[in-house]
Structures are given as structure tokens and as C-alpha cells.
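Order-wise, the sequence lines are chains W and V.
With our numbering applied, the first sequence covers 1 to 165.
With our numbering applied, the second sequence covers 1 to 91.
Since the hints were derived computationally from the structure, they do not count as laboratory data.
Source: prediction; values computed, not measured.
Incorrect hints may appear among the rest.
Unchecked claim - Going by beta-carbon spacing under 8 Å, a handful of chain V positions derived as facing chain W:
1. K27
2. L49
3. I56
4. R57
5. D64
6. L74
7. A75
Don't be surprised by glycine CBs; every beta carbon is placed ideally from N, CA and C.
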Amino acid sequence: MKPQNLMNPTSSSSLKSRFTTRFLRALSRINARKQFTSTSSPREIFQRYRRIKVAADKSMAYSVRSKRRWSRVMLSKLRSRSSSNSFSSVRLRRVKKSSATKTGHEKEAKIKSGGDQEEADELRELVPGGEAMDLCNLLDETAHYIKCLNTQVQVMRKIVDFYSP
Amino acid sequence: MSSRRSRSRQSGGSRITDDQINDLVTKLQQLLPEIHNRHSDKVSAARVLQETCNYIRSLHREVDDLSERLSELLATSDNAQAAIIRSLLMQ
Chain W
1 MKPQNLMNPT SSSSLKSRFT TRFLRALSRI NARKQFTSTS SPREIFQRYR RIKVAADKSM
61 AYSVRSKRRW SRVMLSKLRS RSSSNSFSSV RLRRVKKSSA TKTGHEKEAK IKSGGDQEEA
121 DELRELVPGG EAMDLCNLLD ETAHYIKCLN TQVQVMRKIV DFYSP
Chain V
1 MSSRRSRSRQ SGGSRITDDQ INDLVTKLQQ LLPEIHNRHS DKVSAARVLQ ETCNYIRSLH
61 REVDDLSERL SELLATSDNA QAAIIRSLLM Q
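Construct the complete structure from the given sequences, taking the supplied hints into account.
Below, the structure written as C-alpha cells:
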């Protein structure tokens, strides 16, 4: 895989720097919280992990601004769930649900619709806001979402490398 | 509610051409590490969509793992160190 082929160099590098700035700012805020207690218990590490995860998604969605439907939906989901802190568990639950409901009649529907319907619906559950998109929109938003996830992973990996002893 | 409505509208209302869909599927395919490297044009749309789902899931998992690692790493590093790293990355 050639990373430079993955995205348009100009638009992605500014997205990357916007994401990096936001995420690092969020990380240092999260890190500053830690100072109130001296040691990190497993529970504390878990809570911080959840906060970091939310911060990573929020930073990414904010970096895209409202240019994309998926980022708008992601932000509103994060806002409405920030109190319960359950964004990632919802994500997991959804995946489980979708794989559990692949029954015979769905396969039948797949054959009838030419084969792509089941995959498209699966994708709709993975892309924020995908449920309400038509196929064209879904494919377009998915391509953008993947580029952003890639940037997110790249930057986070780099930060982990910096922190690692 | 709104999702149900727009999904059913898909087949009737606005005309989406096959060419448009094919273009978008090809674009998507180029973002996938798995299929992209194979250089075979005969990958079905369903296959591309399936691989796309798998790829998104793997990226989600990776963000999850990296968040966990960051949380653990923050437990051992102090703020001064974080500030240095921050300034390094900002350059």
C-alpha cells in the first residue's frame, strides 16, 4: 500500500495537521486531569481510554468541519452521548446486531436485489449517518470517511511511538 | 424514520446511473489495501463493499487499541514529558 496514493496530498495534509493539533490539545487536557490523583488504577486507565477514544473521534470530526454528512452526524452523536460515554459500546452493539440478524430471508433479499443490498446495509451501519444516505452518497461519504480514519490511525500511531520508551 | 424513507426512495425518485455507482465503487476500491494491490478489474461491487466494511472495522479496532495504549502510556509519563512531545509534534 502506498500511503501517498491514499489521499490528495494538499487536502489531507491540512486535515492531518488540524487533527493532530486538536487531538494533542485534547490529550494534554486529559493528561492534566490525571495530576489530581497520584496513581493510575485500572479503572482510571479504562476511563481515560474512553476519553481518549472520544477525543480522537471528536478531533477528527471537527477537523472535517461540517463539510461532510458523516462528520456532522458523528459530532451530534458524540454530543448527545458524551454524558453516558457509550459511543464505542454502541458501535460494538451495532456490529453484533448486524451479524446476528443475517438470516435466511436476508440472503433471499440479497439475491433479489442483485447482490449489493446486504453489503450496502452493513456499510450503512459503519459509516456515521449512513442509514439515511442513498447509495451514491454512501459510497462517496465512505471514501472520505476511510481517508480520515487512515489519518487518525497514522497520527495516533505516531504519538504512541513518541510516548513509547 | 428518515432513514427508512430515503432508502425506499432510492429505487424510485432520483436517477442514479450505473456509471456513477461504478465510478464510486472504483474510487472506493483504490482505498482498500486488500483488493487494490491485486490489480484485477473483475472484483464485484458486492465484494468491494464487503472489503470496505472489513477495512473500516479494522481501522476502528486500531483506533481502539491505540487509545488503550495511549491511556496506558499516559499513566507512566508526566506532564513535562508530554509538553516536550507536544512541542516536537507541533514543529
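Here's how the hints hold up against the structure:
1. K27: Since chain W brings a Cβ to about 5 Å from V:K27, closer than 8 Å, the hint holds.
2. L49: 3 Å, holds
3. I56: At 5 Å from the nearest chain W Cβ, V:I56 passes the 8 Å test, so the hint holds.
4. R57: Holds, about 7 Å.
5. D64: 7 Å, holds
6. L74: Holds. Min distance 5 Å.
7. A75: This interface hint holds because 4 Å falls under the 8 Å limit.
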